[in-house]
Structures are given as structure tokens and as C-alpha cells.
Amino acid sequence: MSILKTESLVKRYGGITVTDQVSLDIRPGELHAIIGPNGAGKTTLINQLSGELASNSGTVWFDGRDVTALPIHARARLGLLRSYQITSIFEEFTVRENAVLAAIGAQEHGWRFWQPMLSRRGQVLAANEALQACGLAARAGTPAAELAYGERRQLELAMALSARPKFLLLDEPMAGMSVQESSAVVAMLSRLKGRYSILLIEHDMDAVFALADRITVLVYGKVLFTGTPDEIRHHPEVKAVYLGEEEEPA
Amino acid sequence: MTIWIALKRPAMLVPALLLAGLALVPCVATAVDQPFYIVFFARILVYAIAASALNVALGFGGMVSLGHALFLGIGAYSVAIPAFYGIDNGWVHLAVCIAACALVGLLTGAVSLRTTGIGFIMITLAFAQMGYFVFVSLKQFGGDDGTPITATSRFFGQDLGQPLTVYAVAFAVLCLVIWWSARLRAAPFGMVLRGARQNPRRINAIGLQAKRYQLAAYVMSAVLCGIAGMLLANLTAFASPATLGWVVSGDLIVMIVLGGIGTVFGPLLGALAFLGAEELLKSVTEYWQAVFGLVIFLVALLRTAGLAGLLERLSPHGLVASGDSASAQPTPPAGGTRQVHPEANPYPVAGGGA
Amino acid sequence: MTIQLVLTQLLNGLQFGVLLFLLAAGLTLVFGIMSFVNLAHGSLYMLGAYFAATAYEQSGNFGLALLAAIAGCVALGYALERAAISRLYGRDHLDHVLATFGLVLFFNEMARIVWGPQPYFLPLPAAFESTVDLLGISYPSYRFAIIVTGLAVAVGAYLLMHKTRLGMLIRAGAVNPAMVAALGVDIKLLNAILFSLGAALAGLAGVMAGPIMSIQSGMGEPVLITALVVIVIGGIGSVSGAFYAALIVGVADTLGRAFLPTLLRELASRDVANAAGPALASMLVYLLMAVVLALRPQGLFPAGRTR
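Residue numbers (the working numbering), protein chains in the order written: chain C, 1 to 250; chain R, 251 to 604; chain S, 605 to 911.
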């Protein structure tokens, strides 16, 4: 029983096929990583999984439902949340407000006009837990615009978490982070493993091999191979195409 | 946070004093036998309401409507047209006003929200112009010249056409609108709306349809603006297509920017400053519009956080949780006065913000 | 409703459309390349008419008046761009709206100060006081001259955009302004030239409109707003879109105002028709805009921009 499944997903831009018959099958509680050279179509794939990009053909199943036709906001409310590679937060709001808003979006609605948002206990609780998990609890009252880069990436994650998601689509959460910051994120993700199902796109190979239950290698929009980290490490084609070259962290 | 502590900050004290002053105007004006001031300040109250209405769409929601005079005009004609047929029941006027503004707001808003940025500005301007032409073509209601209102709105036996009555009602409405703006700003709806201004793509990504909230805010703002128009018609006992002109729409935007976009007291401060300056300039030179135009240009060039922002800067922090932006005004994003523009999003992904 | 009447109104529609194109072209170019919302464009149109009227008063020669007006608008446009407009590039559209709104108020009042509040008149040039025989009807030759001039400008604009180096730079700037600047092109000069070009077109439109409309303060804004409708229908940033949309809007508006009330009288009672006819006719182009937006928000002929 998969929590997120795609069948022969195809995305074309004019003459170029960016996503070529991609089929994935992610099990509940799994941390599944997608790796591949730049230009392999990883972000395009995530955009199709999150619902921001319509595929040309193929299906996406989430939690037993066909969500192929559902737009992003509908999928978010079903528990399929994503974080962005290029940080996309609400600069004018505080860290706490960002997280609570994310919780409201997924669990509730915004059609309330009188009582303050921060008085919604359930969502504030969820937000506080998420901020705690991401190490941002001390910065909860800071306007997001004043955060350091690493903290912004953490907030990016915290927003996805405070929605109490069933599934997390994480697009290069460690992009641009220092070694210290990255290991903090790796530690946090390993704590989340099992509780949430996660699809992780990352270039940081150490992180990927430390965290992933299974890895899919994407090359030129096609799935080259899906397997455990060990299988990937010893797969001759993968080594030739991807791992064989000197990999620099993103 | 008790009221009295809050009032120590200039950001709250000055507006509170201004409101108190405005409350006293009728007494003072009657005492010195200058009834003109009642009408003058009533006009400021009405425009402050209209500006507050626009602030919900523009300040909170980031929707630059250059056509809100449309709703001001519809509100005015909601009194004029029934009055033409002898209907002076205020509740009828109000019902017509709300229904008409809501409907027109819904239709024009839905169409306008098909675009963003400059397209939205142009389209709202165009719709207001359309409204202008429609009322001009209604010859039976005066056409270009407008129509005097002989049957002003009656509520509970009171005639809104009396300066003192309309002043009191306008003052009460303004206080309610300001209070509601403050609550709305921090309520889930207001936060979603403000979030949609900053980052519509992210609002969709967290599970909310940004466009729906924006449309709702636009309709709300239209209805409130219509109510201001209704008060205006009662104040002047007149309705004319000029109320729907592009100049009026522009004036409303100037008031909001002058006072401080997206703040709660900004529209009031802006309306006071704008109409006060206009009156001052008129007494100095008959060519005041030229000076005014240049002043507006300079305001745009040097745009800061407005009068409310100035007051905020003079206020000590610490009464609200540090940095909690659910207080008086939005902190300007790092890097100056440039608001986060939806079109600055680097990912032009299909379906974003839809 | 005879064929001659329809043809005449059709030509009138074309004439209006051509004037709209002259205004819309400058507007849409400036927006497409500098991302600048110029509401003061209508003021340039108005000043073109005023300059021509004054020049004609002094010289008695329409041709001279035309040249003087265009030169005046180019100079004013250049000065405006350098002194005021360029300071606002990169700012929020709200700032543009506010700034140009202030400028419009300023220019309208200045016109009242310099030329007085009463309308000015620019007489028809002597050479165009007659009529031409067109498709079996007698059509005023001045209006015909406007159509011809406008179409010539459209052809000229096309040649400029597609066959000259300047045009290539303009088109490149519309697609990727940062890149053009990075390639070492003096982007400040290019912007100034572009703005002045738009001003020249607006001024030309103002002069040509002078003899058939009354010249007075505030005459620019209603036409400007219609030009905005044209741009929205055609596609913001697209000059060819502006051309086709201008003709569509010009013809639709003219035919609508001419025939809709009559048509309505056939279908409904006289009272309803008399009330609703003119109202509906004035709403026509806005309804058209709304329909286009509902079905195709990017406009009918959008410019292919990648930014």
C-alpha cells in the first residue's frame, strides 16, 4: 500500500520531454530520496506531485485517491505538503505567524473575521511543535525578513510541518546551507522519519545516504533505477552516470 | 494590553486624540456658530470611511484598485434613484446600496482578478469609467449634471439629510470600520489576505485559494465604500457622475498612501491630511491643483510608511510582543519601501496563484 | 440604416481606432519595456493639441503647427523622462500610478493657467476641407487623412521594430531588459528615446484629433482610459496587439454608439430603448474587455515575453 504513487507521469515543454514516464511508489513512513544531475527534471517532478504543474499524461495517487486533477491547495488540504528550493515565506509576518498560517491553511480555513489568528489554540500548538522541531522556537517573534538564510530554510520546513502533513515533499531543504546547518537538518529529518512519509530531493549525497530508505535516480527525466542506498552505491550505471563524477554539494 | 497603556504611544495617542477632536466638532461648531465646519469635517469622515474600505483591498490585499469611486458613486445613486421616485426609507436605500455594490463588486472583481499588477489597475479604472458613462447616459437622473436628492434617507424617524445626523452616523460608522479593520488585520481572514499580497503562490501551497479570499475582500471593500457613498449623498443632498471619476479614485489612493498603506489609522490620517491640505491650498491660490499635483508626485517619489508609519517610529516598542506584526503597522521588508511584488516571484509556474 | 451610413460609421470607427492605436502604442511599449505605468500619457496627447493650436495661431500654417506640436511633445517627453519618470523605474506600480496621477493633475491645471479654461479650436487644414469618394460614399477627406496617416505610422512602426537596429534593441528590451543593459547598450538613452517616441505618437494623435474634437483641459483622460482598454484587449506589451485591438475597439465603439440605440428601439419599447440604448452603447467596449479577460486574460495578441 503506497502513500504516494505515480504511474507513467509525462511532462513535455514543446519538443522537450522533461518528465519521461516516471513511475514512483512510496510506502507510508518511508523517506524516499530523488537524486540526479542538474537538469534531470527533479523540481518539475515535484511541481507535478504537489499539483502546481499539470502533467501531459499519467496519474498521481495519494493516500488511495487519484489526485491527478487536483490543484495544489486541494492536495495540501489532503495532507500533501511541500517546501520550496527557493525560500518562499511571508516576509512581513513573524516566524510564529508564518507557521500558524500554514497550520490554518491545512487544517482549517481563513473565513474568520474577528478573533485573532493567534488565538486558534489547535493551530498555534501545531505551529509551536513544528518550530520546536526545526529549532526556531527561540525566534518565534522575529519578523521573517530578519532571519538568516539558514533560519529561513528552517522556517520553510517548519511551515510544511505545522500543517501536520501526511506527506512531505522537500525540494532541496539544505540548499545553500553550511555544514553545521545541514547536519542540524539531517538530525531533524531522521527524527521525523517514520512519523511522516517524505520525498526528498537533495544534492548532498552524505545526507541522502544517511537518511534515505530508498533512492530513485532521475536522469533526463527518466527513472534510471530505484533501490536501497546500498544497491544504488553498487549499481554500475548509476555510478557511471552520476556518482562516478566528483559530486560537489549544492 | 489595556487601552490606557496603549494610548501612551504616539501611534495610538494621536489618532485617538483626532477621533476625540472629531467627536467634539459638532459642539464646537455650533458654539461658535460656524455650521460650515460640520459639513467640512463630515466630508472628511465620509472619505475616511471610503479610504478605509479601499484599504482592505489595497492595503491588506495588495489589490491596487484605481476604480473604487465606482462604488462610492453606486452608493450615492442608491439614495438618489429611489429618492427620485419618492422613496425615502433609509433601509431601502441601504439594501439597494449593499446589493448593488456587492453584485457589481463581485462581477468586476472576478473579471479584474483574472489579471494581476498593471492589468488589474487598468481594468478597475476602466470599470469605473464605464460606471461613469452609464450614469451620464441616464438622462432622467440628471445625466452629466447629476441630480439633487429631495428625499434623503430616513432611519428610525431621523433624517440623514440633516448635517448633525449624518455627522453622527458617519462618525459612528468610521469608528466601527476602524475597529473592525484592526480586528480583521489579525484575524485569519486578514492574515490570509495579507499573506496573499506578499506571496500568493505560498497561500495556495498551504491549502487556501488566494483568489477566493482576494475576491471576498474586494466585495467587502466595495460594499463599505458604497456605504460611504450613501452617506456622501445624504450629506450633499446630491448625486452626480463626477463622483465616479478617475480623479476621485486617485484621491482615495493618495489618502491611503499618505496615511500609511495597510495600517488601521492610515486612511483616517490620510483623509484628514489630504482634505485639510486641499482646503489650505485652495485658500492660498486658485491654481491649487497644480501645486497639489506636484505634491502628490513628490509623495510618490519619496514614498515611506506614511503618517502612521511616522507615528509608529516615534512610538517605543515593547508594549506588544517584540516584532509581532499583528499590531499597528506592517514592518517594511528589508531593503526599503519596495513591497514584495507578486510578480517578483522567480518561479513563473503554470497555475500559480489561480 | 443604409449601406452608406454603415460604411461611413465603419470608416469613422477606423479613424477612432487609428487614433487609439497611436496612444496605445506608446503606452504599451513603455509598459512592456520599462514596466512603467504612465497615466500622464493622456496629458501628452492634450498638450500636442494645445501646442498645435498655439502654433497655428502664430503661423497660420497647419503643417508647421503639426511639426511644432510633435517637436514640442518630443522635447517634453524627453524632459519628463529624464527629470521625473526615470526616478521611478523599478518601483511598485502603485508608485507609478500615484506619481503620474499627480502629473496629470499638474498638467491639466497648467493647461488651464496657460490657455485658459475655455475650449480651443484648431481649424481643419485647408487642403482637407473637402470630401473624397470612397466605396460609393462621400467621406470627409480630413478623417480619411487621419486613417491614412495612422496606418502609415503603423507600417512605419512595424518597419522600425523589425528592420532597424533600434527596433531590434527595443524588442530585445521588451523580452529581457536586464540582458540588453548587460550587453553594453546605453539603456538610459534607449529608455529616453522610447519614451519620447511614445510622446511623439501621443502628440500626433492630439494634433490630428484637434480639428474634430474640442481642445480643453482634461481631454486626454477619457481617451487614455479607452487606450488602456485597447491595451488590455490586445495584450499588455504587444504593439501588434495594440494595433488590432485599437481597430476592434474603435469600430465597436463607433458602430455601437451609432446603431445600438436604433437597434434597441426595434426590439424594445421606446422608453426602455431611449434609457438603455445610450447606456449600453457606452458600456460596449468595457463589456468587450470583460469578455476578453474572462476567456483569455493575457489578451488577444499577447507579446511573447520571457522574464
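Each hint should be verified, as a subset may be incorrect.
To be verified - In silico DMTMM-like cross-links for lysine to aspartate or glutamate, where the CA-CA straight-line distance does not exceed 20 Å:
1. 5(C) to 63(C)
2. 461(R) to 63(C)
3. 389(R) to 733(S)
4. 193(C) to 206(C)
5. 222(C) to 63(C)
6. 5(C) to 151(C)
Just so you know, these hints were derived from the structure itself, not from any lab.
Run the structure past the numbered hints and jot down the numbers of the failing ones, going up. Those not satisfied are hints 2, 3, 5 and 6.
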